[in-house]
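Protein chains: 2
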Amino acid sequence: MKRAFNFSAGPAILPVYALEEAQKEIVNFKNSGMSLMEVSHRTPLYEDVHNETISLIRELYKVPDNFDILFLQGGASSQFFMIPMNLVHNDEIADYIITGAWSEKAIKEAKILGKKTNVVATSKDKNFNYIPSELKFTPSAKYVHMTSNETIHGVQFKKLPETNGVPLIIDASSDIFSYHIDWKNIGAIYAGAQKNAGPAGATIVIMRKDLYEREKETIPTMLRYSTHAKENSLYNTPPVFTIYMIGLNLKWLKSLGGIDAMNAINEKKAKYIYDAIDESNGFYKGHAEKNCRSLMNIPFIMKSEDLEKKFIKESETLNMIGLKGHRSVGGLRASVYNAMPEEGCLALANFMKDFMKKNG
Amino acid sequence: MKRAFNFSAGPAILPVYALEEAQKEIVNFKNSGMSLMEVSHRTPLYEDVHNETISLIRELYKVPDNFDILFLQGGASSQFFMIPMNLVHNDEIADYIITGAWSEKAIKEAKILGKKTNVVATSKDKNFNYIPSELKFTPSAKYVHMTSNETIHGVQFKKLPETNGVPLIIDASSDIFSYHIDWKNIGAIYAGAQKNAGPAGATIVIMRKDLYEREKETIPTMLRYSTHAKENSLYNTPPVFTIYMIGLNLKWLKSLGGIDAMNAINEKKAKYIYDAIDESNGFYKGHAEKNCRSLMNIPFIMKSEDLEKKFIKESETLNMIGLKGHRSVGGLRASVYNAMPEEGCLALANFMKDFMKKNG
Numbered sequence: 001m002k003r004a005f006n007f008s009a010g011p012a013i014l015p016v017y018a019l020e021e022a023q024k025e026i027v028n029f030k031n032s033g034m035s036l037m038e039v040s041h042r043t044p045l046y047e048d049v050h051n052e053t054i055s056l057i058r059e060l061y062k063v064p065d066n067f068d069i070l071f072l073q074g075g076a077s078s079q080f081f082m083i084p085m086n087l088v089h090n091d092e093i094a095d096y097i098i099t100g101a102w103s104e105k106a107i108k109e110a111k112i113l114g115k116k117t118n119v120v121a122t123s124k125d126k127n128f129n130y131i132p133s134e135l136k137f138t139p140s141a142k143y144v145h146m147t148s149n150e151t152i153h154g155v156q157f158k159k160l161p162e163t164n165g166v167p168l169i170i171d172a173s174s175d176i177f178s179y180h181i182d183w184k185n186i187g188a189i190y191a192g193a194q195k196n197a198g199p200a201g202a203t204i205v206i207m208r209k210d211l212y213e214r215e216k217e218t219i220p221t222m223l224r225y226s227t228h229a230k231e232n233s234l235y236n237t238p239p240v241f242t243i244y245m246i247g248l249n250l251k252w253l254k255s256l257g258g259i260d261a262m263n264a265i266n267e268k269k270a271k272y273i274y275d276a277i278d279e280s281n282g283f284y285k286g287h288a289e290k291n292c293r294s295l296m297n298i299p300f301i302m303k304s305e306d307l308e309k310k311f312i313k314e315s316e317t318l319n320m321i322g323l324k325g326h327r328s329v330g331g332l333r334a335s336v337y338n339a340m341p342e343e344g345c346l347a348l349a350n351f352m353k354d355f356m357k358k359n360g
Numbered sequence: 001m002k003r004a005f006n007f008s009a010g011p012a013i014l015p016v017y018a019l020e021e022a023q024k025e026i027v028n029f030k031n032s033g034m035s036l037m038e039v040s041h042r043t044p045l046y047e048d049v050h051n052e053t054i055s056l057i058r059e060l061y062k063v064p065d066n067f068d069i070l071f072l073q074g075g076a077s078s079q080f081f082m083i084p085m086n087l088v089h090n091d092e093i094a095d096y097i098i099t100g101a102w103s104e105k106a107i108k109e110a111k112i113l114g115k116k117t118n119v120v121a122t123s124k125d126k127n128f129n130y131i132p133s134e135l136k137f138t139p140s141a142k143y144v145h146m147t148s149n150e151t152i153h154g155v156q157f158k159k160l161p162e163t164n165g166v167p168l169i170i171d172a173s174s175d176i177f178s179y180h181i182d183w184k185n186i187g188a189i190y191a192g193a194q195k196n197a198g199p200a201g202a203t204i205v206i207m208r209k210d211l212y213e214r215e216k217e218t219i220p221t222m223l224r225y226s227t228h229a230k231e232n233s234l235y236n237t238p239p240v241f242t243i244y245m246i247g248l249n250l251k252w253l254k255s256l257g258g259i260d261a262m263n264a265i266n267e268k269k270a271k272y273i274y275d276a277i278d279e280s281n282g283f284y285k286g287h288a289e290k291n292c293r294s295l296m297n298i299p300f301i302m303k304s305e306d307l308e309k310k311f312i313k314e315s316e317t318l319n320m321i322g323l324k325g326h327r328s329v330g331g332l333r334a335s336v337y338n339a340m341p342e343e344g345c346l347a348l349a350n351f352m353k354d355f356m357k358k359n360g
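Chains A and B, in that order, give the protein sequences. Using this note's numbering, the first residue of the first sequence is number 1, and each one after it goes up by one. Using this note's numbering, the first residue of the second sequence is number 1, and each one after it goes up by one.
Some hints here could point you the wrong way.
One copy or two, it doesn't matter: identical chains are merged, so the pair holds either way.
As the list claims (entries may be wrong) - Straight-line distance between alpha carbons at most 35 Å, and here's what the computed DSBU-like set of lysine-lysine pairs gives:
no., residue 1, residue 2
1, Lys-216, Lys-126
2, Lys-209, Lys-309
3, Lys-271, Lys-159
4, Lys-268, Lys-111
5, Lys-358, Lys-30
Everything labelled a hint here was simulated from the structure, so no lab data went into it.
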């Protein structure tokens, strides 16, 4: 089999190691005569997988003890409402930094719930191609919400903002486990698994324990963080296979040397492609400003749609998949998450140069 | 490998066919060079899986055209609140039939939301060992909620109640796809996948289209049925692998002859075990009354806990897994979902007879 270089934004490429391990075990898990998918979540056989995955997250991401690590469902999209629903009451205010399509979706759900929100800053004036530097936080805000990496617009915070004690809540769906986190100001980090952590079907929520202490009993049981925290994410049946795959992903990440090592590799990988853009004399134009270029998602355009279509068609014959850009930015997008091998980025960069030579 | 006879209540046994197909394809799906778990949900490669699974449900379950078939997340436990949240407004009333632990959980969430509920009937007086026959519906109720099969108490409706036009909403988590449904009075049927439909991680909701027409815009986007119905359950990233596994399950079900054929097999399978109970002269005592015995979950007790422990220990040496009962009923429980082979039930029945001879 020839592995595709899969540049899709999500669901996205997974480490071959994780897929091959899953293949070995999917019919007969640990010689139990059962697939892990068949195992009751109330037995040690599954609980070991569950707890090992949580431990790996805590170890690799250096999550402090006053944070819970939860596995929920419903994607990051469900966190958009769960956060304001649980953490903001009555006249309290929530701050939002708007840097792209996903942070816009997040604030929209707070507004649907009738919560008071304050936009700290927005980069909408330039179709979200930069990270605002002037951030005016509300001192009494219950949290500041931000999207650390905008998958569609390809902008990424290079440094977490100083919030002066207001808990920072980060949608890290597209860059979780890709760089070291300073947990000092963090209230919560959450991520849909299907970009940088595993397959679709689980949402990782890492939340400071004191944040959900004020949860109200008028909120449905399943929508309270405390429900899941108290039961170690086993209040109801968790998505066992997705959690298992996240565990395999993290074992692979650990074998590479952990998150700092991964970050260094990611810098190198993205550089191949950004260099190809920068050295193209405008043949390729990146969407994001240079100082906030994402290491995960690289959207770029060319001078015509016809040329872009030709690029995509030819890239597919070279086994490069998923390079079509999102409609709101257009053009092309290369998503180069943790699991994208260096040779994939190199192959794309070389193809970009080659394509320019022939069509420039 | 020796396959276990897995009598767990959920996650539960799956057809070997589905596991082996998944094993073949998990690294390289349809020669794409990718796992299905890596494929974007916005591409034909995944959309074909998604739509084929929906079509199989519609075909095998004979779902009328005025119903949508949705894949949601968060388990049946999330339906407990989504249903009253979306379908009951202001002073409107929802009816509930209480036949066990799961229907109790369902009404609890309606009450948390402050909705007006009416208990049509309850069998709590006898620890939920029967299905009430006197059902007093509220003529103006927006729906009647019932749990068609109570996993813990092992009672199952043998006939759907006549509701005189009030939509019946059925939690069929533990008996979906096990018998033919007359859709006449149905408003919705929902089920967590992990008992009778596939692995954990998806909730199947089959809902009459007019039910969600009155949904309010003050409800978070992800919690409205209309959001998912409009987008064919692709509003956000669906749990792709679980949906794929549900599809494989249904292909297997179709190959057996469909739901009526499955029902006949299930009758035969459960009879082995109920006969062993009935012919034991009280050595084994079933929890449910005979006229509502579940074909899916068979809880029974013995005269002492020590004997029950001995039974479980010996059954495990014979490769029978998951026979410990739920704490609220005690004793033992054999879950014999669609995927449990006949020889598993026969093996258990024979072991029961053998164990009685030695310990009776």
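Cross-check of the supplied hints:
In this homomeric assembly, Lys-216 and Lys-126 come within 35 Å of each other (Cα to Cα) only across copies, at 34 Å, whereas the closest approach inside a single copy is 40 Å. Taking CA atoms no more than 35 Å apart as the test, Lys-209 paired with Lys-309 passes in neither setting, with 49 Å inside one copy and 39 Å between copies. In this assembly of identical chains, Lys-271 and Lys-159 lie within 35 Å of each other by CA distance solely inside one copy; the values are 19 Å within and 65 Å between copies. For a Cα distance limit of 35 Å, the shortest separation of Lys-268 from Lys-111 qualifies neither inside one copy, at 40 Å, nor across copies, at 55 Å.
Taking identical chains as interchangeable, the C-alpha atoms of Lys-358 and Lys-30 lie at most 35 Å apart only when they sit on different chains, with a minimum of 33 Å there against 53 Å within one chain.
Violated hints, in rising order: 2, 4; the structure is consistent with all others.
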